[in-house]
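Here are the chains, one letter per residue:
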Amino acid sequence: MKVLYFSWLRDRVGVAEEAVQPPGDVTTVAELMTWLTQQSDGHAEAFKDPAIVRCAINQDYAKADAPISAGDEVAFFPPVTGG
Amino acid sequence: MIKVQTDDFDVGAELAALSRGRTEVGAVASFIGLVRDVAGPGELSAMTLEHYPGMTERQLAQLEAEALARWPLDKVLIIHRHGRLLPGDQIVLCAATSSHREAAFEACAFLMDWLKTRAPFWKLEEVGGESNWVAARQGDDDAAARWKTDK
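In order, the protein sequences belong to chains A and B.
Counting from 0, one number per residue, gives the positions in the first sequence under numbering that gives the first Met the number 0.
Counting from 0, one number per residue, gives the positions in the second sequence under numbering that gives the first Met the number 0.
It is possible that some hints are incorrect.
To be verified - With a Cα cut of at most 30 Å, we get these calculated BS3-like pairs of lysine-lysine:
{"hint": "1", "chain 1": "A", "residue 1": "K47", "chain 2": "B", "residue 2": "K2"}
{"hint": "2", "chain 1": "A", "residue 1": "K1", "chain 2": "A", "residue 2": "K62"}
{"hint": "3", "chain 1": "B", "residue 1": "K2", "chain 2": "A", "residue 2": "K1"}
{"hint": "4", "chain 1": "B", "residue 1": "K2", "chain 2": "B", "residue 2": "K147"}
{"hint": "5", "chain 1": "B", "residue 1": "K2", "chain 2": "B", "residue 2": "K74"}
{"hint": "6", "chain 1": "B", "residue 1": "K74", "chain 2": "B", "residue 2": "K147"}
{"hint": "7", "chain 1": "A", "residue 1": "K47", "chain 2": "A", "residue 2": "K62"}
{"hint": "8", "chain 1": "A", "residue 1": "K47", "chain 2": "B", "residue 2": "K74"}
{"hint": "9", "chain 1": "A", "residue 1": "K1", "chain 2": "A", "residue 2": "K47"}
Note that these hints are calculated values from the structure, not bench results.
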């Protein structure tokens, strides 16, 4: 599974992109965030307040209870500020 | 039409191209967003717009399709820049053309309100030698919510 980070989430995690293989019981966006939190201090800092983190699966917005699978591109980012 | 680019754009040329040869078009409504010096005159030295390549185009194309489905429009144009911009620089151009002004005005406002909450862009401001990510505004969510059809 490919995980992407943007804006201050990338700054905190320290990488823009990483390939991860979470265990089989990680099946939703929320569970993936919890699992990622345990991977490093930077990850923990990035996901400190999960309520303000937005997620996209394969470039479409996804909610915390959305299912994830091995081939997905999962992106995490703060609320958008374009325009 | 969707364009995501680092280059500046010529508003006059873009708008002229949108209605050229389309004699049934009687209205062109447009919005131009600029880099604003939020910190006060001379305080903001630059603003860098980051985006999510691929998802940005996908979200903007969905916005365009939604506008074309909801209003009797001829065309929709969204140009959004990314990269490092200076105060006063153009960031975004949004335009809609139609036979009559009402649809063009409404669609243009809809596009900007939804773009602000859905298009994956993030602004990094450089103020006084420090770089800070801009926080999202609740007012933008409220503005987008008025266009929801399922309430």
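Each hint, compared with the structure:
Between K47 (chain A) and K2 (chain B) the CA atoms are separated by roughly 35 Å; this puts the pair beyond 30 Å, and the hint is violated. As the CA atoms of K1 (chain A) and K62 (chain A) are separated by approximately 18 Å, the hinted pair is consistent with the 30 Å bound. Only pairs whose Cα atoms come within 30 Å are accepted, and K2 (chain B) paired with K1 (chain A) is accepted, the gap being roughly 26 Å. A threshold of 30 Å between alpha carbons decides the hint, and for K2 (chain B) with K147 (chain B) the separation of about 25 Å falls inside it, so the pair holds.
Distance restraint check for K2 (chain B) and K74 (chain B): the Cα-Cα separation of roughly 14 Å lies within the 30 Å cut-off, and the hinted pair is therefore satisfied. Distance check on the hinted pair: K74 (chain B) and K147 (chain B) sit about 22 Å apart at the alpha-carbon level, within 30 Å; holds. A distance of roughly 17 Å separates the Cα atoms of K47 (chain A) and K62 (chain A); the hinted pair therefore holds under the 30 Å criterion. This hinted pair does not check out: K47 (chain A) and K74 (chain B) have alpha carbons roughly 43 Å apart, beyond 30 Å.
Annotation: proposed proximity of K1 (chain A) to K47 (chain A) holds, straight-line Cα distance about 21 Å (limit 30 Å).
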